[in-house]
Amino acid sequence: MAISTSTFFRTILSLSLFLFVFSLPSPSLAAAKCNANDKAALLQIKAAMNNAYYLASWDPNTDCCSWYDVTCDSSGRVTRLEIFDDTDVTGSISPAIGNLPYLNFIDINALPKLSGSIPSSITKLTRLTFLRLKGNNLSGPIPTAIGNLNKLTFLDVSSNSLSGSIPASATKLTNLDAFHFENNNLCGAIPQGGKLQSFGTSPYDNNKCLCGAPLTPCK
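Numbered per mature numbering (1 follows the signal peptide of the UniProt record, and there is no 0), the sequence shown spans residues -30 to -1, 1 to 189.
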């Protein structure tokens, strides 16, 4: 029996639509949901920053990969954290930041009311290539084990109120393309080695009493 032209084309159109619909990725495959442990760590970070309005999108009832200033990889692990340029963020950086093991990029800067110390747990994040904590109101020492972050290509802890000395382990940061320790209250001898003598004196400007190459010799 002959098939009419209109019936033929309707059949082709229906088949094409069927194939198109079933070729689309399912929602579960299109984007992995945020890892539960990462989500818990982020919520602790938010709490330590006094639930700042800046972090209003960090809702425990939503997927944290959709939160403002959070980036995840295809497996749902948090890889980037960017919280910056806000005069209303207060509190401190939670030690829970060390519970985000897939982070390779942290930019927490220009938060003048953010105080407290740099948590030592940050030195567990050995995937980090970029760490900027500039222009906050952080105090206390640079973590002793900062050298664990030996994949860093950029480190900036300038314009805070950090004190103590530059840790000897900083000489292990041999992949640095730039670093900044200026505008703090750091004191003591600059460790010799690694990249710490490679960028002149400006990364050490305006500190309390740093000495040793590339600055003047220690007395």
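Since the hints were made in silico from the structure, they are not lab data.
One or more of the hints may lead you astray.
To be verified - Below are the DSS-like pairs computed for lysine-lysine, each with C-alpha atoms no more than 27 Å apart in a straight line:
(1) Lys165 to Lys83
(2) Lys83 to Lys94
(3) Lys94 to Lys121
(4) Lys3 to Lys94
(5) Lys94 to Lys189
(6) Lys165 to Lys142
(7) Lys104 to Lys121
(8) Lys178 to Lys189
(9) Lys178 to Lys142
(10) Lys104 to Lys83
(11) Lys165 to Lys178
(12) Lys121 to Lys142
(13) Lys178 to Lys104
(14) Lys165 to Lys94
(15) Lys189 to Lys165
(16) Lys189 to Lys142
(17) Lys94 to Lys142
(18) Lys121 to Lys189
(19) Lys104 to Lys94
(20) Lys83 to Lys142
Hints, one by one, checked against the model:
1. Lys165 to Lys83: Status violated; Cα separation ~31 Å.
2. Lys83 to Lys94: holds (25 Å)
3. Lys94 to Lys121: This hinted pair holds, its Cα atoms lying about 12 Å apart.
4. Lys3 to Lys94: Status holds; Cα separation ~24 Å.
5. Lys94 to Lys189: Since the Cα atoms of Lys94 and Lys189 sit roughly 35 Å apart, the hinted pair is violated (cutoff 27 Å).
6. Lys165 to Lys142: Holds. Lys165 to Lys142 sits at ~8 Å (cutoff 27 Å).
7. Lys104 to Lys121: Roughly 19 Å separates the two Cα atoms, so the pair holds.
8. Lys178 to Lys189: holds (15 Å)
9. Lys178 to Lys142: holds (24 Å)
10. Lys104 to Lys83: Satisfied, since the Cα-Cα distance of roughly 12 Å is no more than 27 Å.
11. Lys165 to Lys178: holds (21 Å)
12. Lys121 to Lys142: holds (10 Å)
13. Lys178 to Lys104: Holds: Lys178 and Lys104 sit about 18 Å apart, inside 27 Å.
14. Lys165 to Lys94: Given pair Lys165, Lys94 holds - Cα atoms ~21 Å apart, limit 27 Å.
15. Lys189 to Lys165: holds (23 Å)
16. Lys189 to Lys142: Between Lys189 and Lys142 the Cα gap is close to 25 Å, so the pair holds against 27 Å.
17. Lys94 to Lys142: Distance of about 15 Å is within 27 Å: holds.
18. Lys121 to Lys189: violated (33 Å)
19. Lys104 to Lys94: holds (20 Å)
20. Lys83 to Lys142: The given pair, whose Cα atoms are some 31 Å apart, is violated under the 27 Å limit.
Hint violations for this structure: numbers 1, 5, 18, 20, all remaining hints satisfied.
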